[in-house]
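Build the full structure now, drawing on both the sequences and the hints.
Protein chains: 6
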Amino acid sequence: MTWLPTLKTDTPEDGFQLAVKLSRMAVKVTQPDADTRERLRSDYAESADSLTLASHVVATNFQTVAAANEYWRPKNPD
Amino acid sequence: MTWLPTLKTDTPEDGFQLAVKLSRMAVKVTQPDADTRERLRSDYAESADSLTLASHVVATNFQTVAAANEYWRPKNPD
Amino acid sequence: MTWLPTLKTDTPEDGFQLAVKLSRMAVKVTQPDADTRERLRSDYAESADSLTLASHVVATNFQTVAAANEYWRPKNPD
Amino acid sequence: MTWLPTLKTDTPEDGFQLAVKLSRMAVKVTQPDADTRERLRSDYAESADSLTLASHVVATNFQTVAAANEYWRPKNPD
Amino acid sequence: MTWLPTLKTDTPEDGFQLAVKLSRMAVKVTQPDADTRERLRSDYAESADSLTLASHVVATNFQTVAAANEYWRPKNPD
Amino acid sequence: MTWLPTLKTDTPEDGFQLAVKLSRMAVKVTQPDADTRERLRSDYAESADSLTLASHVVATNFQTVAAANEYWRPKNPD
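Residue numbers (my numbering), protein chains in the order written: chain A, 1079 to 1156; chain B, 1079 to 1156; chain C, 1079 to 1156; chain D, 1079 to 1156; chain E, 1079 to 1156; chain F, 1079 to 1156.
No wet-lab data here; the hints were simulated from the structure. Be a bit skeptical, because a hint or two may be false.
Since the list can't tell identical chains apart, any single copy or any two copies may satisfy a pair.
As the list claims (entries may be wrong) - Pairs of lysine-lysine residues, derived as DSBU-like cross-links and limited to a Cα-Cα distance of at most 35 Å, are as follows: (1) K1106 - K1086; (2) K1153 - K1099; (3) K1153 - K1086.
Bear in mind the structure is a predicted one, so any value in this text is a computation, not a measurement.
Set out below in C-alpha cells:
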C-alpha cells in the first residue's frame, strides 16, 4: 500500500489535488505529529505570507505533476 | 463541473490569468474561509514583499501553463 | 487589445524586458491601485532583500520567456 | 560506497523519499554536526513557515528525481 | 548596443558569470540609482540569508543559461 | 584554469557536490572576502531556516547539473 502509486491523474484538477497532497506529505515527513501540525495550521492559515509560501510549494509540485501528465493534452493522432 | 477543465488557453494573456487562478486556488485550499482571505488580502496588498512573493507564485504557475500551451507558438507546418 | 500578445521577442534583451513586465503585471493583479504600488515601490527599492526577491521573480519569468523563444538560438539548418 | 548511487527509483513514493534525502544531505553539508542539526530540528518542526520552506525544498528535489525517472510512466511500446 | 546580445557562452564559467549579470540587471531595473545599490550592497553582503537569497537567484538564472547552451555538452556526432 | 570546466560528472554524488560548489561560488561573487564569509557561516549554520534556504539553492543547482548529465541514466543502446 502506498500513498503515491502514480503521478498520473485523469484531470488537471485531480493533478492539482495531488500537488497539494505532495506538499502536505513533505510537511508530514518533517513533523510527523498530527496534533502539532493541526495546531500550526490554525496559525499560518491566518497569515497572508504563510499562505503565499504554501501556494508556492503547491505550484512547484504542480509543475511536476503536470509534466508527468504531459499537461493533460489530448493525444495528437498525427 | 470543475474549476480547472484544462491548462489550454487561447492566448498568453488568458494563460497568465489561469496562472493567477491556480495561485489563488492553492491559497483557498489552505484557508477555505472567504472572509478570512478577504481580510488577509487587505493586509498583504499593502506590503511590497508580500506582493513580490505573490508574483513569484504566479510566475511559477505561468511556467506550467506556458509549457502546457507550448508557449502559444504558431504551429510549425513542417 | 492585450498587454501580452505573444511570448516571442526579437532579442534576449527584449525577452528580459518582457520578464520584468510579467513580474509587474502579477503585482498589479493583486494590488490594482497605482498610487499604492508607487508608494510601496519607494520602500522596497531601498531594501536589499526586497530587490533580491524581485530579481528572483524576474529570473523565474525569464526562464519561461527564454524557453518560449528557444533561447534565441540561431535556427539550425540541418 | 555512496549515499547517492542513482536517481532511479522503483516507485514514485521511493522517489519522494529520495527527494527528502537530498534535501537533508544539503543541510548536512552546511551543518555537519548531528547534534546541532537535531537541536535545530526541534525548533523548526514547531514553526509553520519553516515546515513550508522545507516542503518547498523537497518539491524542488522531487522535480529532479521525477524527471530522472521519466515520471515513472509505463514504457510506451510503440 | 545591448547588454544581452545572446545567452550563448563559450564555457560553463562564462555562463555562470552571465547568470550573475542577469541577476544584477533585474535589481538595476527596480533600483536604477547606482549609489543606492552600492549602499545596500554593503548591508546585505554582511547577512548570511541575504547572500543565500542572492545565490538562489543566480541558480535560477544559471538554469536558463545552461539550458540555452545545452549544458555545454560536446556535440554528439551521430 | 577554471573552477567550472564542465557540468559533467561521473556520478550523481559528484553532481551533488558540484551543485554545492555552484551555490557557494554565487555567494563568493557577492561577498568576496573569505573572513566575512567564514564569520557569517558560523551564524547561519545555527539557524534552521538559513540551512533550509541553503538547501533550496543546492536543490536548484542540482536540477541544472542533473539535467546536464541526463540524470546519469545508463545510455540506451537502441
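Here is what the structure says about each hint:
Taking the shortest alpha-carbon separations for K1106 and K1086, both the intra-copy value of 22 Å and the inter-copy value of 24 Å come in at or below 35 Å. Taking CA atoms no more than 35 Å apart as the test, K1153 paired with K1099 passes in both settings, with 27 Å inside one copy and 25 Å between copies. Taking the shortest alpha-carbon separations for K1153 and K1086, both the intra-copy value of 15 Å and the inter-copy value of 13 Å come in at or below 35 Å.
No hint from the list above goes unmet by this structure.
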